[in-house]
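Peer 1: Sequence:
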Amino acid sequence: MWQVSPNYEPLVKLHTCLGLRKDLNETCKTALIASESTLLAYYANRVVWMGLNVFLFVQTFLKYEKSDKFHYTREILGMTLAVARASARCLNFNSMLILIPVCRNLLSFLRGTCSFCSRTLRKPLDHNLTFHKLVAYAICIFTAVHIIAHLFNFERYSRSQQETDVSLSSTLSNLPHHEKHGGSWLNPIRSPDTTVMYVTFTSIAGLTGVLGTLALILMVTSAMEFIRRHYFELFWFTHHLFVIYMLCLALHGIGGIVRGQTEDSMAESHPHNCAQSFEKWEDPDSDCRYPQFEGNPPESWQWILAPVILYMFERTLRFLRAQQRVLITKVIMHPSRVLELQMNKQGFSMEVGQYIFVKCPSISLLEWHPFTLTSAPEEDFFSIHVRAAGDWTESLIEAFEQQHSPVPRIVVDGPFGTVSEDVFQYEVAVLVGAGIGVTPFASILKSIWYKFQHADHNLKIQKIYFYWICRETGAFAWFNDLLISLEQEMEELGKVGFLNYRLFLTGWDNNIAGHAALNFDKATDILTGLKQKTSFGRPKWKNEFSTIATAHPKSGVGVFLCGPQSLAKDLRKCCHRYSSLDPRKVQFYFNKENF
37 MWQVSPNYEP LVKLHTCLGL RKDLNETCKT ALIASESTLL AYYANRVVWM
87 GLNVFLFVQT FLKYEKSDKF HYTREILGMT LAVARASARC LNFNSMLILI
137 PVCRNLLSFL RGTCSFCSRT LRKPLDHNLT FHKLVAYAIC IFTAVHIIAH
187 LFNFERYSRS QQETDVSLSS TLSNLPHHEK HGGSWLNPIR SPDTTVMYVT
237 FTSIAGLTGV LGTLALILMV TSAMEFIRRH YFELFWFTHH LFVIYMLCLA
287 LHGIGGIVRG QTEDSMAESH PHNCAQSFEK WEDPDSDCRY PQFEGNPPES
337 WQWILAPVIL YMFERTLRFL RAQQRVLITK VIMHPSRVLE LQMNKQGFSM
387 EVGQYIFVKC PSISLLEWHP FTLTSAPEED FFSIHVRAAG DWTESLIEAF
437 EQQHSPVPRI VVDGPFGTVS EDVFQYEVAV LVGAGIGVTP FASILKSIWY
487 KFQHADHNLK IQKIYFYWIC RETGAFAWFN DLLISLEQEM EELGKVGFLN
537 YRLFLTGWDN NIAGHAALNF DKATDILTGL KQKTSFGRPK WKNEFSTIAT
587 AHPKSGVGVF LCGPQSLAKD LRKCCHRYSS LDPRKVQFYF NKENF
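Using the working numbering, you'd call the opening residue of the sequence shown number 37 and step up by one each time.
Hints are supplied without guarantee of correctness; some may be wrong.
Below, a list of computed lysine to any residue pairs in the SDA-like style, where the Cα atoms sit at most 25 angstroms apart [unchecked claim]: (1) K609 / P575; (2) K609 / S582; (3) K487 / R538; (4) K578 / H612; (5) K487 / N536; (6) K395 / A342.
Keep in mind that the hints were calculated from the coordinates and are not lab data.
Could you build the full structure based on these sequences and the hints that come with them?
Peer 2: Now the structure itself:
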């Protein structure tokens, strides 16, 4: 039984619709075009990126495989010359792109300028880290191809240098002996006694290639999910080896090891006319002379110069912003070892769902960690909630727990935009938080509370479904006060149905369940003190989405998640499955926090 990918399931349904109901053909066609446009926009950046890689590889391969300038070089190296140069060109292209997705200020600026753009135009900005990883994978692949091709090249260089018979390749390899005919060289292995290892570690190209590859290997291996989650400091430090990688890349081509025939030499002794009569090159009466060669000018620096300058500007801006004084106005220790910091900073302006980077110099002078803002833009402070989830966060919590010690200094960079900023552009919003992943939605709910207090008539959103999934009961205490305030505010304004929230406890035992069952008839939940009862287990998303689709048959529903990838997969499937065929009816739009 074959299965349809969730991304294409709507199109299959639409094509089926076109075949079954003639009276709905026009509506289905409209929906088909809309869905295809959405899918095309979603994959457009990846398709363009892949297409450019293919184009650059093929174009460069054909250049070195067909160009007369490299006719003699191909006599020694064969096809691997073109493979090495084509992979190098793609490596330069992807190295140019790798820094752009992590320029957070640039992305925040673009998100701000695109605030009135359609959702599909803003979608690539929400997948910046995904694109960063794709480009990194491409760099690894093209690096491997480039290295393998050059291993073959150096083996052939060495073999042609050691040939004892008179051949074109051996003649080309021994050009240095004929300095009276130009003194140029083609083979970097200059004598039969020179080894490939010696050339590798004594040439600029060899040394920069080895160092750059080692830096790349360390960056990639330390960026694996397990290391990133459990040894974030290791990931953070090794990822800054990109400085060595970029420097090695910029210097790699200076040695000019890949060489081609000069224009003057080709005009005098074109390879089509002289390659077969190489034995007569030394004859003064011959029309053919020894060919002269020159190294390719270095070009990698030209590819990476602009993004490196952009990234340096980004880091300078972060540095200057980090020098501003941060005043910690309140410190709250919540259950489950969750630390809340309320702060003030001159000129700080935020939107809902944004995040900041935090550094504590007393713990580490270099490490920055991202935290979603839990305060609302309407408040006169900004706040974060920190859960103990590693060495750095443990140290931060312990530093603030020491009551008799001075309050640690905090440095803040940001805020930066996320997909949650778009929540007020939907009529209906579904907010799903897992554990500490509730933080961006705390900001949203607080902002809504303030908007209701000030009777904001520009509020487009009409209904919020809020799901909070936690492993332990203590975690629910983080935002109980906020939810209780919202309950009361909705009742006073006669909007009891505006906020529909569900709390799910996944880590429970029979004692907790029995205690909750005995007190089920009470007005408030025994675990949280809220009117909404806590559910045990995980949400049945198919039932939830079906209910929402029925309740809002003609609305655009924004689904926002801050949680694990496994949950994202389930929600994305449900968004596709329960979106109507008719674009005028209910449509679910999936959005996930990425930082």
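Peer 1: Please go over all the hints and tell whether each is borne out by the structure.
Peer 2: Here's how the hints hold up against the structure:
no.: 1; hint: K609 / P575; verdict: holds, 15 angstroms
no.: 2; hint: K609 / S582; verdict: holds, 13 angstroms
no.: 3; hint: K487 / R538; verdict: holds, 22 angstroms
no.: 4; hint: K578 / H612; verdict: holds, 11 angstroms
no.: 5; hint: K487 / N536; verdict: holds, 18 angstroms
no.: 6; hint: K395 / A342; verdict: violated, 28 angstroms
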